[in-house]
Amino acid sequence: MSTTERTSREEFGAMWRRQQPFWHAAMAVVWGAAVVVTLLDDPGPWGRGPSLALLGLMGVSYVALGRRAMAHEDVRLAVGYHLVAWGTLLAIQIIDPDTQSWLMFFVLYSQLWAMLPVRWAVVTTFIVVTAFGFVRWAQSDFTTGDLDMIIISAVISAVLSLSLGLFITRIVTEAETRAQTIDELRAAQAELAASERDRGVHEERERLSREIHDTLAQGFTSVVALSRAADAALARGDVDAARDRLALIERTASDNLDEARLIVAELTPGHLQSRTLGEALHRLGAAVSSENGLRADVRVTGEPVPLGGTAEVVILRTAQEALSNVRRHAGAGHAELILTYEHPEQVVLEVRDDGRGFDPAAARSGFGLDGVQARAAEVGGSVRLRSEPGAGTTLRLEVPR
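At position 97 of the sequence shown (counting the first as 1) the number is 170 in my numbering, and the numbers step up by one without a gap.
Any given hint might turn out to be false.
What the hints assert, rightly or not - Cβ-Cβ distance ranges computed for the label pairs, FRET-style: (1) 226 <-> 258: 47 to 55 Å; (2) 275 <-> 237: 36 to 44 Å; (3) 274 <-> 149: 45 to 53 Å; (4) 147 <-> 263: 43 to 51 Å.
Worth flagging that the hints you see were computed from the coordinates, not collected in a lab.
From the three backbone atoms N, C-alpha and C, an ideal C-beta is built for every residue, glycine too.
Could you put together the complete structure from these sequences and hints?
Next up, the structure:
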């Protein structure tokens, strides 16, 4: 996963930040309703002024402390805000027993669970319910008859607050856990992808080592042997033999150069990342046609689908080695590469040529078929070869999608 990609937990935090304006709006509406009710209701023993002042202090504390606590998830600011908010609401209850400011319960209880840890929210809920219950009982002159109603009211308030708070907390916890699980899955996928890339690079290096050993190294060995033979011919005065050896050296070096160009043609780092498999095959065919006198046509049928780096490398390398074998052994003037995506379960590559052909049953190893089959087996594919003397050759590679 790239550094610019946001994790699920970051997205969860962004979602919480997007919801905060709704919390602010809810606070404004309920606080405004409490102010309006206080203005319209009969004044208490102390008049409306103290209650309105305390409600104003509550609003200021939300703007100064509560809003910042919610935005920055700061527990210290949240504790300070709730001390002021619940303290002012309790003071209003003390100076005006008939106050309707209990409307603030709806928003303050919710804010407890939104701003404070679960344990603190539970403890605060019990403290608030007990404090308000005791004040009401004291305002009823500790009448036993009113105590039952006060206890029932307190229990209902506590149960509703705890039920709603714990339910919301459970939902938030599950969402955070799910976000963490998604992040872990993404990290595991990234590690698996990196492991697959490393394995593909390692296998490709091994394959290239085999190709270089079987082609270029053998060609250079021939050049060394021919140069020694030419030197020996010159030493004994046989100029014609030396010229023949030099001509063979030139031909061998030219063949090796063509072979190296074929190997390197599609080895540019990221060659299958910067272009599609079909484009890479067209480029390979163009390179072969321009350098070797062999016309290589490429045709792609069906709707291309991504196969993964390893499978596409296998197809590309098979095409490359098949064309190399056609050039070296078939004596062909035309070759055709057909990449087919039409089958729902596999992708097929066919390499056909109009060369001299051979009898596969009687042929010795050395036409590169073993290497092609080994590559195909690595991705669960298969290879078939059809050829007859004088009728050309067709190599068919099938790779599962």
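> Does 45 to 53 Å hold as the CB distance between residue 274 and residue 149, or does it fail?
Replying inline: 52 Å, holds
> Regarding residue 275 and residue 237, is the given constraint of 36 to 44 Å on their beta-carbon distance met?
Replying inline: Check failed, 57 Å falls outside 36 to 44 Å.
> Within 43 to 51 Å or not, the Cβ separation of residue 147 and residue 263?
Replying inline: About 33 Å separates the Cβ atoms of residue 147 and residue 263, which means 43 to 51 Å is violated.
> Is it true that the C-beta distance of residue 226 to residue 258 lies inside 47 to 55 Å, as the hint says?
Replying inline: Given a distance of about 48 Å, which is inside 47 to 55 Å, the answer is holds.
Of the numbered hints stated above, those contradicted by the structure are hints 2, 4, listed in ascending order.
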